[in-house]
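Next come the chains, spelled out residue by residue.
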Amino acid sequence: MATARVISYVGPACPRCNMPLALESITVGEDICPRCQGFFTATVFQAPQRVTRVLQLAQAGPESAGSCANHPRNVAVTNCGRCGLLICSLCELDLGSEKYCPACFDRMTKDGGIENAQTRFRDWRMLALASAAFGMVLSAIMVGVPLGALAIYYAVRGFRDPQWSKDKTFMLVLAIVVALMDIGIGLGVFSSLLLKGHL
Amino acid sequence: MKRRFLGRYNDLVSRHAVYETDGALEIDEQDNFEIVRKRVFFEDVLLVTMHERTGVLAIFFSLGFAAFFGLIASIAGDGAGWVFAALALALLIYGFVRMARKETIITVFGRRSKARIRFSLRKARAHQLYGELCAHVRRVQTQLQTQEEPPSDDVDQNDSIREG
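Those protein sequence lines, which keep their order, are chains R and Y.
FYI, the numbering for the first sequence is 316 to 514, going by this note's numbering.
FYI, the numbering for the second sequence is 8 to 171, going by this note's numbering.
Warning: the hint list may mix true and false statements.
[To be verified] In silico EDC-like cross-links for lysine to aspartate or glutamate, where the CA-CA straight-line distance does not exceed 16 Å: (1) Y/K9 <-> R/E407; (2) Y/K130 <-> Y/E110; (3) Y/K130 <-> Y/E33; (4) Y/K9 <-> Y/E33; (5) Y/K109 <-> Y/E59; (6) Y/K45 <-> R/E345; (7) R/K481 <-> Y/D35; (8) Y/K45 <-> Y/E33; (9) Y/K9 <-> R/E345; (10) R/K414 <-> R/E430; (11) Y/K45 <-> Y/D29; (12) Y/K9 <-> Y/D29.
Hints in this document: simulated from the structure, not taken from any laboratory.
Computed from a prediction, not measured in an experiment: that's the story for all the values here.
The whole structure should be built from the sequences, with the hints applied where relevant.
So this is what it looks like as structure tokens:
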């Protein structure tokens with residue numbers, strides 16, 4: 316399994332030399348970096364801070380509402396859709412179809428149960444291309460036949476993948492074409508050996 | 008909104024494809040036979056920049072390969088030589104075009120990550136996308152600002168999470 320690379324991100328910086336820049340010092344429109352003296356066009360945004368409105372038990376009264384399992388002072392607004400735990404709006408992770416507590420969300424993310432939270436995907440396009448190319452190199456010894464078939468399988472999986480997008484079409488089609496050539500060359504070598512009586 | 012392909016940013020060690028979704032820019036980084044996805048949410052965007060630079064690497068490789076194929080063409084002579092000469096000429100033209108036209112790079116800086124898209128030849132497309140991205144970010148952030156209400160004063164934000 317590949318190890319995760321940790322790359323430090325310092326926030327807004329000069330796009331040319333990566334020197335960190337304070338947002339207040341950036342001129343909207345044409346600006347110049349104080350270090351590299353390079354020009355760039357900039358648009359600054361005031362990203363709003365996300366705020367969560369949390370109702371306290373002291374405000375709602377202990378009889379009128381249940382308390383959150385993770386934050387006893389907060390009023391529970393819903394149940395976790397998986398374990399049924401009472402959770403407040405701080406803990407509530409709304410995935411559109413269902414609401415989960417943080418613990419269940421973590422477990423489901425690890426299990427791959429939440430599609431939106433997945434950050435790693437198999438690259439069928441690269442697998443198809445690599446198999447097809449490797450099959451072409453080894454097509455003279457008939458290995459191209461199984462590798463070509465494998466490349467076609469990967470390409471079909473690539474087309475069926477929900478992550479598929481138009482920009483991947485060319486490479487997938489190329490992989491299929493090369494895979495068919497692999498199979499053709501492999502079968503050609505096999506039949507010529509058969510005709511010559513070597514098999 | 009369906010995921011829309013915006014462009015790529017490739018260098019010697021990494022390959023990125025950038026897509027636009029409703030709420031974020033998705034950056035797919037190639038990691039051997041896997042894709043690692045990062046997101047820059049529009050609500051988190053702090054700065055969008057666009058700049059031009061000379062693609063030294065592309066010029067170096069295209070002219071280098073043009074010289075290499077030219078050498079093979081001169082050695083091979085007639086027949087195969089013409090094929091290599093045509094390849095060398097195409098690469099030579101591409102190298103000179105890249106020397107004449109600078110590449111445009113759009114960078115989107117979020118709170119936690121950034122996205123970069125490079126346009127080698129399509130400068131007009133880069134300017135159009137820059138405008139589109141800025142408009143999209145502005146729209147999302149304005150929408151969020153109007154939705155947000157002031158937070159309550161005394162909130163229990165204890166991080167201890169009981170196992171569910």
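* Of all the hints given earlier, name the ones this structure violates by number, lowest first. => 1, 3, 6, 9
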